[in-house]
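Student: Sequence:
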Amino acid sequence: MPKNFKNNKKNPQVFSWKKIKAANGYIVQYQESDAEDDIWSEIIVGETWRTTYRFTELQDLVSYNVRVLAYNEVGRSQPTDVLTYYIGQKKPKIR
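Heads up, the sequence shown is in the numbering used here, so the first residue is 13 and it goes up one at a time.
It is possible that some hints are incorrect.
Claimed, not checked - Beta-carbon label-pair distances, calculated as ranges:
id, residue 1, residue 2, range
1, Lys15, Gln71, 27 to 35 Å
2, Val86, Trp52, 30 to 38 Å
3, Ile55, Asn16, 15 to 23 Å
4, Glu48, Glu85, 30 to 38 Å
To be verified - Here are the simulated PhoX-like cross-link-like pairs (lysine-lysine), alpha carbons at most 25 Å apart as the crow flies:
id, residue 1, residue 2
5, Lys15, Lys33
6, Lys18, Lys33
7, Lys31, Lys15
8, Lys30, Lys18
9, Lys30, Lys15
10, Lys31, Lys18
Calculated from the structure, these hints are not laboratory results. Virtual Cβ for every residue (Gly too), placed ideally from N, Cα, C.
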(Lines of atoms letter the chains of each structure in order from A and count residues from 1; the text may use other names and numbers.)
(Lines give C-alpha, C1' and ligand atoms only; values in the text may rest on other atoms or scores of the structure.)
Protein backbone atom coordinates (compact mmCIF):
# COMPACT_ATOMS: atom_id res chain seq x y z
CA MET A 1 0.00 0.00 0.00
CA PRO A 2 1.40 3.43 -0.89
CA LYS A 3 2.29 5.56 2.14
CA ASN A 4 1.79 9.27 2.84
CA PHE A 5 -1.27 9.59 0.59
CA LYS A 6 -2.44 13.21 0.71
CA ASN A 7 -3.68 16.07 -1.34
CA ASN A 8 -1.86 19.33 -1.87
CA LYS A 9 -3.14 22.21 0.29
CA LYS A 10 -2.31 24.87 -2.33
CA ASN A 11 -3.67 22.82 -5.24
CA PRO A 12 -6.25 20.40 -3.78
CA GLN A 13 -6.88 18.64 -7.10
CA VAL A 14 -3.38 17.15 -6.82
CA PHE A 15 -2.91 13.97 -4.80
CA SER A 16 0.47 12.43 -3.99
CA TRP A 17 1.94 9.35 -2.35
CA LYS A 18 5.32 7.81 -1.55
CA LYS A 19 6.99 5.56 -4.14
CA ILE A 20 7.01 1.77 -3.62
CA LYS A 21 10.08 -0.07 -4.96
CA ALA A 22 8.19 -3.23 -6.00
CA ALA A 23 5.45 -1.34 -7.88
CA ASN A 24 5.07 -1.43 -11.66
CA GLY A 25 2.54 1.40 -11.45
CA TYR A 26 -0.29 2.90 -9.45
CA ILE A 27 -4.06 3.06 -9.68
CA VAL A 28 -5.99 6.10 -8.46
CA GLN A 29 -9.57 5.19 -7.58
CA TYR A 30 -12.42 7.62 -6.97
CA GLN A 31 -16.17 7.66 -6.44
CA GLU A 32 -18.77 10.18 -5.39
CA SER A 33 -18.88 10.35 -1.60
CA ASP A 34 -22.59 9.58 -1.44
CA ALA A 35 -22.33 6.51 -3.71
CA GLU A 36 -24.51 3.68 -2.49
CA ASP A 37 -22.39 0.94 -4.03
CA ASP A 38 -18.71 0.02 -3.77
CA ILE A 39 -17.90 0.69 -7.42
CA TRP A 40 -14.79 2.83 -7.95
CA SER A 41 -13.64 4.50 -11.16
CA GLU A 42 -9.98 3.86 -11.88
CA ILE A 43 -7.18 5.84 -13.45
CA ILE A 44 -4.03 3.88 -14.28
CA VAL A 45 -0.82 5.75 -13.49
CA GLY A 46 1.51 3.34 -15.27
CA GLU A 47 4.85 4.97 -14.65
CA THR A 48 6.45 4.17 -11.31
CA TRP A 49 8.27 7.51 -11.20
CA ARG A 50 4.90 9.32 -11.09
CA THR A 51 3.73 9.63 -7.53
CA THR A 52 1.19 12.40 -8.09
CA TYR A 53 -2.07 12.71 -9.95
CA ARG A 54 -4.03 15.86 -10.80
CA PHE A 55 -7.77 15.45 -11.26
CA THR A 56 -9.24 17.30 -14.22
CA GLU A 57 -12.30 15.18 -14.97
CA LEU A 58 -14.37 15.66 -11.81
CA GLN A 59 -17.52 17.78 -11.53
CA ASP A 60 -17.83 21.02 -9.54
CA LEU A 61 -19.88 21.03 -6.34
CA VAL A 62 -19.46 17.28 -5.82
CA SER A 63 -17.69 15.45 -2.98
CA TYR A 64 -15.46 12.51 -3.95
CA ASN A 65 -13.71 9.70 -2.09
CA VAL A 66 -10.19 9.11 -3.44
CA ARG A 67 -7.65 6.37 -2.74
CA VAL A 68 -4.57 4.90 -4.44
CA LEU A 69 -3.02 1.45 -4.68
CA ALA A 70 0.09 -0.03 -6.26
CA TYR A 71 0.30 -2.96 -8.66
CA ASN A 72 2.91 -5.32 -10.09
CA GLU A 73 3.06 -8.75 -11.74
CA VAL A 74 1.86 -10.42 -8.50
CA GLY A 75 -1.28 -8.28 -8.20
CA ARG A 76 -2.61 -5.20 -6.43
CA SER A 77 -1.79 -3.81 -3.02
CA GLN A 78 -4.39 -2.86 -0.47
CA PRO A 79 -5.72 0.66 -1.12
CA THR A 80 -4.71 3.61 1.00
CA ASP A 81 -7.12 5.13 3.46
CA VAL A 82 -9.79 7.16 1.71
CA LEU A 83 -9.46 10.94 1.40
CA THR A 84 -12.62 12.93 0.80
CA TYR A 85 -12.24 15.77 -1.67
CA TYR A 86 -14.84 18.45 -2.38
CA ILE A 87 -14.75 20.30 -5.67
CA GLY A 88 -16.18 23.75 -5.12
CA GLN A 89 -16.50 26.64 -7.46
CA LYS A 90 -13.80 29.24 -7.37
CA LYS A 91 -14.77 32.45 -5.62
CA PRO A 92 -15.63 35.17 -8.12
CA LYS A 93 -13.16 38.02 -8.34
CA ILE A 94 -14.57 41.34 -7.15
CA ARG A 95 -13.45 44.28 -9.26
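Student: Hints first: check each against the structure and report whether it holds.
Tutor: Checked hints:
Checked against the hint of 27 to 35 Å, the C-beta distance between Lys15 and Gln71 comes to roughly 29 Å, which is consistent with it. Evaluation of the 30 to 38 Å hint for Val86 and Trp52 yields a failure: the beta carbon distance comes to about 21 Å. Separation of Ile55 from Asn16 is about 19 Å and conforms to the stated range, judged on CB atoms against 15 to 23 Å. Evaluation of the 30 to 38 Å hint for Glu48 and Glu85 yields a pass: the beta carbon distance comes to about 34 Å.
Between Lys15 and Lys33 the alpha-carbon distance is near 12 Å, which keeps this suggested pair within the 25 Å criterion. At most 25 Å may separate the alpha-carbon atoms for a hinted pair to count; Lys18 and Lys33 meet this at roughly 19 Å. With a C-alpha separation of about 8 Å, the suggested pairing of Lys31 with Lys15 holds against the 25 Å cut-off. In summary, the hint linking Lys30 to Lys18 is supported, as the alpha carbons are separated by about 10 Å, within the 25 Å threshold.
Taking the CA atoms of Lys30 and Lys15, the gap is near 5 Å; set against the 25 Å cutoff, the hint holds. Proximity of Lys31 to Lys18 is assessed by CA-CA distance (about 13 Å); at most 25 Å being required, the pair is judged to hold.
Going through the hint list in order, the structure does not satisfy hint 2, though it satisfies all others.
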